[in-house]
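Chemist: Letter by letter, the chains look like this.
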Amino acid sequence: MSFTSYDFLLFYLILFILYWVIHERRWQNLILLAASFVFYAWMQAWYALLLGASILADFLLARGMRSNPVRNKQFMGMSLIVNIGVLAFFKYFSFFSGSVDNALENIGIHADAFLLAILLPAGLSFFTLKKLGYMIDVSRGTLQPTHSLLDFALYVAFFPQIIAGPIERPQKLLPQIESARIWTAEYLYEAWPLLVMGFFKKLVIANSIKVIVDRIFGFSEPTGFLLMCGALGFSLQILADFSAYTDLSRGIALLLGFKTSENFNLPYTSLTPTDFWNRWHITLSNWLRDYIFFPIRRALMQSRIKLNDSLSISIPPLATMFISGLWHGAGWTYILWGLYYGVLIAAYQWIGIRGDLKPTSKIKSALAWLVMFTFIVFGWAIFRAPNIHWLGNALFNTPFINSQNDLVLGLIALTMTLAYSLPLIIKSLLDRYSKDSWGQAAYYAIAAALIVIYINSASSDFIYVQF
Amino acid sequence: MRFFLKFSLILSIILAVSSIMIPRNTGMEFPREAGPSLDKQMRQNYIDILVEQEPEIVLMGDSTLVNGVDADLLAQRIDKSVYSIGIPGSASALWYLILKNNIAESPYKPKYLLILFRDSMLTAPGYRVHGSYFDLVDEYAARREPELIQYSFVNLMNPLEIVAERYFPLYIARAGIRGSIDSSIRYFAPQLAGCDRNCTDYAMGDIFSGADLEPNALVDAVAAAESYLYSPDQLDFDSQLARSYLPMMIEIAAENNIQMIFVRIKVESADSRITNSPGFKDYINSLGDYLANKKVQYFDYGSDPRLTHDLFRDSIHLNERGQAVFTQLLSDDLKNMIK
Numbered sequence: 000m001s002f003t004s005y006d007f008l009l010f011y012l013i014l015f016i017l018y019w020v021i022h023e024r025r026w027q028n029l030i031l032l033a034a035s036f037v038f039y040a041w042m043q044a045w046y047a048l049l050l051g052a053s054i055l056a057d058f059l060l061a062r063g064m065r066s067n068p069v070r071n072k073q074f075m076g077m078s079l080i081v082n083i084g085v086l087a088f089f090k091y092f093s094f095f096s097g098s099v100d101n102a103l104e105n106i107g108i109h110a111d112a113f114l115l116a117i118l119l120p121a122g123l124s125f126f127t128l129k130k131l132g133y134m135i136d137v138s139r140g141t142l143q144p145t146h147s148l149l150d151f152a153l154y155v156a157f158f159p160q161i162i163a164g165p166i167e168r169p170q171k172l173l174p175q176i177e178s179a180r181i182w183t184a185e186y187l188y189e190a191w192p193l194l195v196m197g198f199f200k201k202l203v204i205a206n207s208i209k210v211i212v213d214r215i216f217g218f219s220e221p222t223g224f225l226l227m228c229g230a231l232g233f234s235l236q237i238l239a240d241f242s243a244y245t246d247l248s249r250g251i252a253l254l255l256g257f258k259t260s261e262n263f264n265l266p267y268t269s270l271t272p273t274d275f276w277n278r279w280h281i282t283l284s285n286w287l288r289d290y291i292f293f294p295i296r297r298a299l300m301q302s303r304i305k306l307n308d309s310l311s312i313s314i315p316p317l318a319t320m321f322i323s324g325l326w327h328g329a330g331w332t333y334i335l336w337g338l339y340y341g342v343l344i345a346a347y348q349w350i351g352i353r354g355d356l357k358p359t360s361k362i363k364s365a366l367a368w369l370v371m372f373t374f375i376v377f378g379w380a381i382f383r384a385p386n387i388h389w390l391g392n393a394l395f396n397t398p399f400i401n402s403q404n405d406l407v408l409g410l411i412a413l414t415m416t417l418a419y420s421l422p423l424i425i426k427s428l429l430d431r432y433s434k435d436s437w438g439q440a441a442y443y444a445i446a447a448a449l450i451v452i453y454i455n456s457a458s459s460d461f462i463y464v465q466f
Numbered sequence: 000m001r002f003f004l005k006f007s008l009i010l011s012i013i014l015a016v017s018s019i020m021i022p023r024n025t026g027m028e029f030p031r032e033a034g035p036s037l038d039k040q041m042r043q044n045y046i047d048i049l050v051e052q053e054p055e056i057v058l059m060g061d062s063t064l065v066n067g068v069d070a071d072l073l074a075q076r077i078d079k080s081v082y083s084i085g086i087p088g089s090a091s092a093l094w095y096l097i098l099k100n101n102i103a104e105s106p107y108k109p110k111y112l113l114i115l116f117r118d119s120m121l122t123a124p125g126y127r128v129h130g131s132y133f134d135l136v137d138e139y140a141a142r143r144e145p146e147l148i149q150y151s152f153v154n155l156m157n158p159l160e161i162v163a164e165r166y167f168p169l170y171i172a173r174a175g176i177r178g179s180i181d182s183s184i185r186y187f188a189p190q191l192a193g194c195d196r197n198c199t200d201y202a203m204g205d206i207f208s209g210a211d212l213e214p215n216a217l218v219d220a221v222a223a224a225e226s227y228l229y230s231p232d233q234l235d236f237d238s239q240l241a242r243s244y245l246p247m248m249i250e251i252a253a254e255n256n257i258q259m260i261f262v263r264i265k266v267e268s269a270d271s272r273i274t275n276s277p278g279f280k281d282y283i284n285s286l287g288d289y290l291a292n293k294k295v296q297y298f299d300y301g302s303d304p305r306l307t308h309d310l311f312r313d314s315i316h317l318n319e320r321g322q323a324v325f326t327q328l329l330s331d332d333l334k335n336m337i338k
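The listed protein sequences derive, respectively, from chains A and B.
Just so you know, numbering that gives the first Met the number 0 puts 64 at position 65 of the first sequence, and the rest follows in order with no gaps.
Just so you know, numbering that gives the first Met the number 0 puts 64 at position 65 of the second sequence, and the rest follows in order with no gaps.
Watch out, some of these pointers could steer you wrong.
FRET-style restraints, in silico, Cβ to Cβ [stated by the list, open to error]:
#1 Lys-434(A) with Thr-25(B): 49 to 59 Å
#2 Ser-436(A) with Met-41(B): 52 to 62 Å
#3 Met-41(B) with Tyr-188(A): 47 to 57 Å
For the chain A half of the interface with chain B, some residues (derived, Cβ under 7 Å), not all of them [unchecked claim]:
#4 Pro-385
#5 Thr-414
#6 Pro-422
#7 Asp-435
#8 Gly-438
I should point out that these hints are in silico values taken from the structure, not numbers from a laboratory.
Glycine is no exception: its CB is placed at the ideal position from the N, C-alpha and C atoms.
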């Protein structure tokens, strides 16, 4: 059930009325939990069973850590095995299934139906990180485990976030689940701009640019010029698509009385790779920083083996971004994309450019932005490429421009990217210089009218749902 | 709250102005019937062709017919005259219109009408009727086609869309407005580079013709386009039948003494999880039972082992060798039936 579907609208209306008619917190939570499981089971009923079993396992393990602190590490180890094992099985099974399938065929076992039936349950990557964050915090003693299975289950399965985040921390969401919620019009006043922008970015911007981006990345041998235009288009598409999902998720949660985290903060204005990851998919970046990057760096600092400066600077970002790439998908392009950012972060640190770079002049600032933006766009080319061979071919084996048709298509892609970027640029300027003005109200009203014009019953899914 | 009120006020003005301007400029009256408007023109080119050629057998289908059956070879093998109406991108809505407005209206009626289809196409009235397919459907539609509008459009709308279609001018005009926005963006930069609209359209047509696609992207694109046919709703034969053109097509053919023969052809585009599923098998069995009850001939090559993987050009179209093999299979069965 996509947030932009009619089914979801009906589902949400029924839930909204039921939820606010009841004032008692426990009943509200119960309704929300039931709704979250219905929402999740809508795609595949057995996904909900997997979700329920994994919630129960982690709830019991966390309670075990609390009641039996001596065996803390054992419980944590079990949780890691269960969570990472399930994620690895479902996410990477299809990566290897082709070869497993062939091997089984050779010994006369036709395993096609079984293998194909193992599909990645949507949102598994997201709720696994949510649960792991909770377990690690409980294990470290920085978080008291909740006594209520209902509250924990709602924290993990909370439907606005279960498919594609934000990856909310327990410290932020659990206290809200544990407190009383009474309807106030403020929820509506805060939610509507998010909902308008969410629908606008998805239906008007992302879906429009997707057509030409898909075509360029569908060519068997695109020229360098087309790859560049396609990568620019995809940079816009993925930002609009993913930030739309986050806006809708936050708006939907707000109407139920929950304040959830922002995931984007003008990521394409970044001046350094570290700055980019502080602004892009913020909740994932924070998770990776706190549970992967810092522990690796700490372990290296405390290690008896003394590494030289270059290695101690390089290993934490490389390892973290490698895991980030792997988390995004079971494919070499994702792994390469992760490593690419690991190398970029390490390289910037080697040459002494910190994440909070503040250039002394506007020219230096523009230069730093241009360099970083080029790196970002190239990163998206790696991310979106069908495979590494395709990317290598497009980069090294094809001419930059092959024919007039290439030039025309490239120009159209560039114009579309620029035209559909403009609303986002105007929005950020309005947010900065003219907040809550008549101009900004007009912007939202025009965006709402454009949603009506661009609405299409056959809308495509959000890109990040597949991760 | 003040900001929300500002937004609501401006949005109300936009909607009010568009609700006055759009009906005034387009001549539309509101409330109107839900569904698209059909133009006055209707192509009846097959009436003349049937009169001229007097074929005993007419074949009708989409690109799988064009690639799958050699009409001359078929005619030669069964010793009957054959005419093929193979229209790439066509589906049950267009076949119904051609049968109703061309074949049934022709003074000459063929003895047999073979319709080649894939899996659930016969009971999927919403397949290939939107976007650019609509222009094709509209070509063979009369000014008023209540069944077409109901089955292919209104039945597929949710209640909110039906209300918007009837009362909301901005929603009705959305395709035209969006087309204008897209055109302005599309032609802007090429024009600056000296490539006018024709030049841009030619380049886009050449690029979007489907050539030079990465093999996986092509498979994915075909699978995405075909996935509609395999959704759980489309595979529910009983509920789809009453909403489809199939009963009407059988009725029109019977009224005109045309013997219908439905031919299910083999494709490799569908996920094996679906084609092996009980739901899909139930659908195929129900279709066979229904046609048998209606005493309509049905040839099912959907899982014929003689049509092997090497006979396919892509996931839905046969190659030249495949065409020869399939034409032979079809002609053998037709010969037996006609005998």
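Chemist: State for each hint whether it applies.
Modeler: Now for the hints, and whether the structure bears them out:
One distance hint, 49 to 59 Å for the beta-carbon pair Lys-434(A) and Thr-25(B), is violated here, with the actual separation near 38 Å. Between Ser-436(A) and Met-41(B) the C-beta distance comes to about 54 Å, which sits within the given range of 52 to 62 Å. At roughly 53 Å, the beta-carbon separation of Met-41(B) and Tyr-188(A) lies within the given 47 to 57 Å, and the hint holds. Residue-level restraint check for Pro-385(A) holds (minimum Cβ-Cβ distance to chain B is 6 Å; threshold 7 Å).
A least Cβ separation of about 4 Å between Thr-414(A) and chain B falls short of the 7 Å threshold, and the interface hint therefore holds. The beta carbon of Pro-422(A) is not positioned within 7 Å of any beta carbon in chain B (closest approach about 12 Å), and the interface hint is therefore violated. Using the Cβ-Cβ criterion of 7 Å, the hint placing Asp-435(A) at the interface with chain B is satisfied: the shortest such distance is roughly 5 Å. A least Cβ separation of about 10 Å between Gly-438(A) and chain B goes past the 7 Å threshold, and the interface hint is therefore violated.
Hint compliance for this structure: hints 1, 6 and 8 are not met, and every other hint is.
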